[in-house]
Amino acid sequence: MRFFTFHLMPYTQLAPSYEGPAWVTVPNALYDPRLGHELYNRYLDELVYAEELGFDGVCINEHHQNAYGNMPSPNLMAAVLARQTSNVKIAVVGNALPLYDPPTRVAEEFAMIDVISNGRLIAGMVVGGGPEYYSFSVNPAQARERFQEAHDLILKAWTEPGPFEWVSKHYRIRYVNPWPRPLQQPHPEVWIPGAGSVETMEFVARHRYAYMGIPYFHLDVFKRYFSMFRDACQAEGYDADPMQQGWLLPIYVAETDDQARREYEEHLWYFVKRLLPGITIQPPGYTSVRSLTNILKAAGTFMLNVDTWDEIVEGRYAIVGSPETVTEQLVDALGQLGTGNLLGLFQLGSLPGELTRKNMALFADQVIPKLRAEFPDGTSVLRPDAKVA
Amino acid sequence: MPTPLTEEFLDTPIGKIQMFRGGAGAPLVYLHSAGGETQLDVLDDLADSFDVLVPMFPGFGESEGIEHIDGMEDAVFHLLDMWALLELDAPLVVGLSLGAWIAAELATRYPDHVGELVLINPVGLYIEGAPIQEMFGRSPAELAEMLFVDQSHPIAALMHSFDAFTGDVGKQTEIPLEIVIPMWKALGATARLGWDPYLHNPKLRARLRRITAPTLVIAGARDGLVPIEHARTYAAEIPEAQLEVIEDGAHWVPFEQPGTVATLIREFEAR
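Protein sequences, first through last, are from chains Y and W.
For what it's worth, our numbering labels the leading residue of the first sequence as 2, then goes sequentially.
For what it's worth, our numbering labels the leading residue of the second sequence as 78, then goes sequentially.
In short, the hints are calculated from the structure, not lab data.
Glycine is no exception: its CB is placed at the ideal position from the N, C-alpha and C atoms.
Treat the hints with care, as some may be off.
Simulated restraints on C-beta separations [said to hold, decoys possible]:
1. Y:85 <-> W:90: 52 to 62 Å
2. W:227 <-> Y:312: 39 to 49 Å
3. W:90 <-> Y:208: 27 to 37 Å
4. Y:157 <-> W:211: 56 to 66 Å
5. W:88 <-> Y:236: 29 to 39 Å
6. Y:175 <-> W:86: 38 to 48 Å
Listing some non-contacts, in silico: residues in chain Y with all C-beta distances to chain W over 10 Å [stated by the list, open to error]:
7. 28
8. 84
9. 113
10. 119
11. 200
12. 258
13. 334
Please construct the entire structure, taking both the sequences and the accompanying hints into account.
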């Protein structure tokens with residue numbers, strides 16, 4: 002197992018009087034740069050703390066024009082972390098490739114991070130969320146084409162000697178020759194987050210990358226998605242490795258179950274009710290009909306529709322409790338999913354710094370060792386009795 | 078007496094195209110809006126006087142080839158292919174909204190291929206101070222409010238009935254796939270033409286002077302999507318164009334006032 006601390010870097014004080022979505026049109030007059038200063042520095046410290054606690058890596062991601070996650074440029078954050086940490090993997094999950102034109106920008110910046118960090122980058126590549134297509138005016142009906150071409154260009158830029166000329170439908174570059182090249186050879190580990198798009202799973206399987214389940218769905222949805230992903234790998238003629246799969250979810254550990262809920266619940270609802278609205282907007286043409294049909298099967302089980310604590314617990318939208326409870330629920334869930342990477346959101350919504358750090362420390366001290374013992378490296382994480390819902 | 082149109086399929090260089098056709102007389106090509114409408118009383122009515130041809134644009138209905146369409150240049154070349162297949166020389170072209178924009182692009186670039194032109198609530202222009210409202214990411218009920226005067230019109234009522242689907246896939250539990258999937262395809266195809274720039278071609282306005290076909294512009298005064306300045310601008314820029322404003326019409330005026338629209342087209346034709 003590998004354990005990662007994932008940070009969204011959310012805005013913690015979205016004005017109570019504002020009732021709209023947290024994406025695209027949320028007025029930026031509501032953003033207080035003074036608070037932002039505190040938050041960025043606190044959040045970076047939390048990621049640095051993850052290294053002290055023995056996590057295998059830290060994760061950051063890219064979102065634009067929203068209150069849910071204030072990282073329009075995750076590469077800036079990765080650059081800071083490359084200097085402030087020395088051992089952890091730095092997973093940028095990821096760069097939204099169609100938003101970079103030319104996409105050689107991604108090849109360059111990722112290579113810079115990899116070289117500065119002495120080969121600790123995990124290169125995440127994403128199509129980008131639906132809201133980003135509104136925020137950038139990039140044509141969502143061309144999102145998949147652009148992603149595919151940009152990916153091929155970046156991988157070629159990393160693995161074949163330059164200069165060469167690149168010609169594809171959306172990108173034509175006469176001289177591709179990025180300096181620096183990545184330190185990891187032939188290229189950094191590639192992760193692709195997905196939220197049920199069949200094409201994405203097939204793409205990840207074909208390239209033998211790692212598939213990261215985008216969070217906030219009922220556990221049964223993830224069981225179905227990871228099962229589909231393993232089938233996609235089978236179709237490519239191999240068995241998926243647990244390290245090719247990652248599950249991302251909010252986790253909160255406190256001294257007892259009651260204390261955990263008491264400390265955590267209001268911050269979780271702030272996240273669900275204030276920061277999530279607007280995240281799942283699908284612009285036209287963004288998803289194929291085949292994938293839309295698959296995604297719509299899961300629509301009712303998205304966390305936005307959850308209103309009670311019991312539903313949170315039952316669906317494993319978040320795993321919250323004493324170290325024993327959290328360990329037990331994670332052993333069960335990981336055994337059903339088969340994922341070798343656990344990506345925890347230890348800060349969520351408005352959860353304050355002190356509780357975030359206590360959560361991380363308890364998890365690292367009392368949960369990680371048990372999970373490592375339960376799922377030894379090199380063995381299957383999937384339990385033989387796991388059933389797809 | 079109204080003549081119902083019948084379905085046929087054409088093999089074009091970019092794929093199979095679904096088309097509805099009926100009536101007899103001079104050819105009238107109807108280019109549909111982003112709604113992909115083909116079954117309209119006004120078309121059955123006009124089939125009494127014209128050979129009415131209603132091709133579905135690639136990506137709409139069962140028409141293929143949208144992957145080859147990245148903008149208006151591709152759309153216009155597709156129409157030229159259609160004209161050749163159908164042995165059309167310079168037909169009367171009637172377009173609604175998106176279809177009117179496509180018709181204007183054809184008529185500015187290849188004026189000889191358009192005999193007469195009827196633009197109903199056309200998009201295609203950017204007019205400072207009179208923006209086209211956002212059509213993407215709207216719930217069907219919000220769209221119905223923009224498109225119809227009478228919210229009890231059967232199509233408007235249907236749109237109100239599945240208000241849940243906004244394209245926000247995280248929010249719904251019960252979604253009628255048989256309605257959502259055609260809508261999803263239609264909006265995706267529209268996005269290929271009109272996502273960016275949003276429903277306009279910055280160069281079109283200055284090209285309107287090139288149109289040689291006699292032109293009628295029809296505008297619904299209560300259009301909630303496209304301000305009437307757009308129709309006025311088309312009418313002012315196209316040489317000798319005629320403007321007809323339907324006071325109690327909205328964006329989808331052919332749905333609500335088929336008789337009025339058919340009469341305007343017949344009168345224009347008989348001028």
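So, going through the hints one by one against the coordinates:
1. Take residue 85 (chain Y) and residue 90 (chain W): their Cβ atoms lie about 57 Å apart, and the range 52 to 62 Å holds.
2. Between residue 227 (chain W) and residue 312 (chain Y) the beta carbon distance is about 42 Å. The supplied range of 39 to 49 Å therefore holds.
3. Between residue 90 (chain W) and residue 208 (chain Y) the beta carbon distance is about 33 Å. The supplied range of 27 to 37 Å therefore holds.
4. Hint check: residue 157 (chain Y) to residue 211 (chain W), Cβ distance near 38 Å, so the stated range 56 to 66 Å is violated.
5. In this structure, residue 88 (chain W) and residue 236 (chain Y) meet the distance hint of 29 to 39 Å, their C-beta atoms being roughly 33 Å apart.
6. At roughly 43 Å, the beta-carbon separation of residue 175 (chain Y) and residue 86 (chain W) lies within the given 38 to 48 Å, and the hint holds.
7. Taking the minimum C-beta to C-beta distance to chain W, about 17 Å, the non-interface status of residue 28 (chain Y) holds against the 10 Å cut.
8. For residue 84 (chain Y), the non-interface assignment is confirmed: its Cβ lies about 37 Å from the closest Cβ of chain W, beyond the 10 Å cut-off.
9. A cut-off of 10 Å between C-beta atoms confirms that residue 113 (chain Y) is not in contact with chain W; the least separation is 30 Å.
10. The claim that residue 119 (chain Y) is not at the interface with chain W holds, since no C-beta of that chain comes within 10 Å of its own (minimum 39 Å).
11. No beta-carbon of chain W is positioned within 10 Å of the beta-carbon of residue 200 (chain Y); the least distance is around 14 Å.
12. Every CB of chain W is more than 10 Å from the CB of residue 258 (chain Y) (nearest about 29 Å), matching its label as outside the interface.
13. Residue 334 (chain Y), annotated as away from the interface, keeps every beta carbon of chain W farther than 10 Å; the closest lies near 21 Å.
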